[in-house]
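Using the sequences plus the hints, can you model the full thing?
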Amino acid sequence: MKEITVISGKGGTGKTTFTANLASLLDNLVVGDCDVDAPNLHLLLNPENKSEAVFKGMKLAVKNDDLCIDCGLCYENCRFNAITAADYQIKNLKCEGCAVCAYVCPTDAIKMEETETGTLYEAESRFGEMVHAKLIPGADTSGKLVSEVKNRASELAKEKNKDWILIDGSPGIGCPVIASLTGSDLAVLVTEPTMSGFADLKRVMEVVNHFKIPAGIVINKYDLNENISAKIEAYAAEEKIELLTKIPYSRVIVDSLKKGELFVDNDAELRTKMLTVKEKLTKILEK
Amino acid sequence: MAEEISLSILSGKGGTGKTTLAVNLALALENVQLLDADVEEPNDYLFISPEIESKETESVMRLIPEVNDDKCTACRKCVDFCEYNALAMMLDNVLVFEEVCHSCGGCKIVCPEDAITEKEKELGKLRHDSLSNLDFWQGELNTKEEKAVPVIEKLKTKIDRDKKVIIDSPPGTTCPTIEAITDTDFTIVVTEPSPFGLHDLKMVIEMLNEIEQPFAVVINRAEADSDYLIEDYCQEEGIKIILKIPFSRKIAELYSEGIPFVDKLEGWDEKLQQLYQEIREEALKQ
Amino acid sequence: MGVLKMKLVIPAVAEGNMETEVHDNFGRATFFAFIDTETEEIDFVENTAAKKSSGAGVGAAQLCADNEADIVTAYHFGPKAFKALTAAGIEVLDLNEQKLIKEVYSDYKAGKLAEAEAGPGGHH
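Residue numbers (the numbering used here), protein chains in the order written: chain P, 1 to 287; chain H, 1 to 286; chain Z, 1 to 124.
Note that these hints are calculated values from the structure, not bench results. No incorrect hints appear here.
In the DSS-like style, the derived pairs of lysine-lysine whose C-alpha atoms are separated by at most 30 Å in a straight line are:
{"id": "1", "chain 1": "H", "residue 1": "125", "chain 2": "Z", "residue 2": "83"}
{"id": "2", "chain 1": "H", "residue 1": "202", "chain 2": "P", "residue 2": "91"}
{"id": "3", "chain 1": "H", "residue 1": "119", "chain 2": "H", "residue 2": "154"}
{"id": "4", "chain 1": "H", "residue 1": "108", "chain 2": "P", "residue 2": "56"}
For each label pair, taking beta carbons as the anchor points, the in silico distance ranges come out as:
{"id": "5", "chain 1": "Z", "residue 1": "4", "chain 2": "H", "residue 2": "91", "range": "18 to 24 Å"}
{"id": "6", "chain 1": "P", "residue 1": "113", "chain 2": "H", "residue 2": "182", "range": "21 to 27 Å"}
{"id": "7", "chain 1": "H", "residue 1": "182", "chain 2": "P", "residue 2": "124", "range": "39 to 45 Å"}
{"id": "8", "chain 1": "H", "residue 1": "122", "chain 2": "P", "residue 2": "269", "range": "47 to 53 Å"}
{"id": "9", "chain 1": "P", "residue 1": "282", "chain 2": "H", "residue 2": "269", "range": "50 to 56 Å"}
{"id": "10", "chain 1": "H", "residue 1": "158", "chain 2": "P", "residue 2": "1", "range": "50 to 56 Å"}
{"id": "11", "chain 1": "Z", "residue 1": "99", "chain 2": "H", "residue 2": "235", "range": "53 to 59 Å"}
{"id": "12", "chain 1": "H", "residue 1": "240", "chain 2": "P", "residue 2": "259", "range": "22 to 28 Å"}
{"id": "13", "chain 1": "H", "residue 1": "182", "chain 2": "P", "residue 2": "1", "range": "43 to 49 Å"}
{"id": "14", "chain 1": "H", "residue 1": "93", "chain 2": "P", "residue 2": "230", "range": "48 to 54 Å"}
{"id": "15", "chain 1": "Z", "residue 1": "109", "chain 2": "P", "residue 2": "285", "range": "29 to 35 Å"}
{"id": "16", "chain 1": "P", "residue 1": "79", "chain 2": "H", "residue 2": "259", "range": "38 to 44 Å"}
Backbone N, C-alpha and C fix where the C-beta goes; we use that ideal spot for every residue, glycine too.
Okay, structure coming up:
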């Protein structure tokens, strides 16, 4: 059983589209969508949700106004601007759950409560089981929810003796990306030949390098800027990242996406390209 | 002098065209400030000030606990109090893990021996470049740091209300985004005409409504055959679409080189200036 | 040579026995199996550190230290967990292919487990 995580550094490079299309070509698969802030994979895989679980990612301060004596100690000690000056109410969006206010309150008017910050879903897609999740707006701790998605996907894969776990990773370079990559056997980086894309690619490679796992690169819309594309190829060669494929700026891909369809179903050449990617990934993982 | 407004630019996901709009709008206007609040991966500088790292820089600091081993009695109150596992007690020594410390100051408060003090650590930086018509500020979070909000808060202290203010926000609906758009007069949500675009637009609008922020929509990569995906939804919800930037390979190519299209394509200067005026009218109505 | 009494720790997917599967994550393991190398008894401790929103590796390390672990094994140690465990004087060993607790234990006895290095930067 092998786990592949697809990341991009920069958003909008085509990570999710790539992941969905690759999923359709892998047999005996579990899919995990670790982009818990703005999950999109379900829009292409159309899974049917079988179960959902409330995720309680953090504690929030809750105040009992009956016990409050308006001393203002909570307000004075809060570092996050999470308590209003006028009437000492807690601003949930700002509260980071540090519990300092609860500690300093002389009348025990503040308690810390585990709070719902998102939902974890287990679903069936036409390519296999799928685990995905959604964070509530304003909630943080996405790293923890990402870990939940990964854990559940791993568990399912073991239970059902799957050959592949395919993870649509979090965008960016922070903790959710690290959580997306933990335990993976291979990282696929989907990038675009733009100045910003290249800059973000380098940033995210720093994270990938820590994991000492093999990496492969996909240059999406490569013919948009062949100059930068060539620079990315050179960079990949230097960093020993295998070039998996270069995908052209394609009308078929755009149109397929707009219809919620997979481009591998609509274009034989693109399908062949993706099958080559699958072969290369298999080879890398065999080593 | 006519009252200028501050506007924030937002999208549900990265790569939708937020930076494209922020940068080109800023360049089309006069007496304007552009603040890049996408502190995890700021990219506006590529188009505005590629040499930004050599310009004026200011540190954004945060406080980290420091334990005085002589006063520490290994009572563990600080370790047990910390909600973030930023402290551990190993062989009667308190270890501090700076990366997960939220700087809440709690450990210092609970220590019965006054053994904990705080020291400053750099969380991020603010960089500044002043161009002829445009005052540019960039916020950036240091690698390995996670707390974007304090950097964005510091960035916002640079806002000059005598100027037109544009804030390029981090994508999504989490706390840093909310911090970037709060206190701006108006928010522009950038989307694209696809199922992904529509899904993320709905998600962002839900958040904007919750915080009661006035907004309007801009469709990037607009195309005749698919704009309806966004237009139908906006019509149903009574949401205004104030601009469409067409799907254009030329614009995409210029973007890839770090060249703002407003410099190269006819008519966009006027369009964007007019856009600002329209938004200003909307905002002043609220 | 007599067997030194050591407590060996292995991240586990559940509370069970020697046949229980190893968890592939240290900080967010569901349970920790503690094996007394002298009596060969096995005990399970719940990983309460995993409940916190961050620093799971540190919390897990604290848990191991509080329960007097001498040796801790895992597939991957983030730099914080590594720093915490070594500060406590705990030996850290790498796992590679072992799927069940009993496999880890027999590999340990055969001296097959290598010393771990601090892994890649996990924050939470």
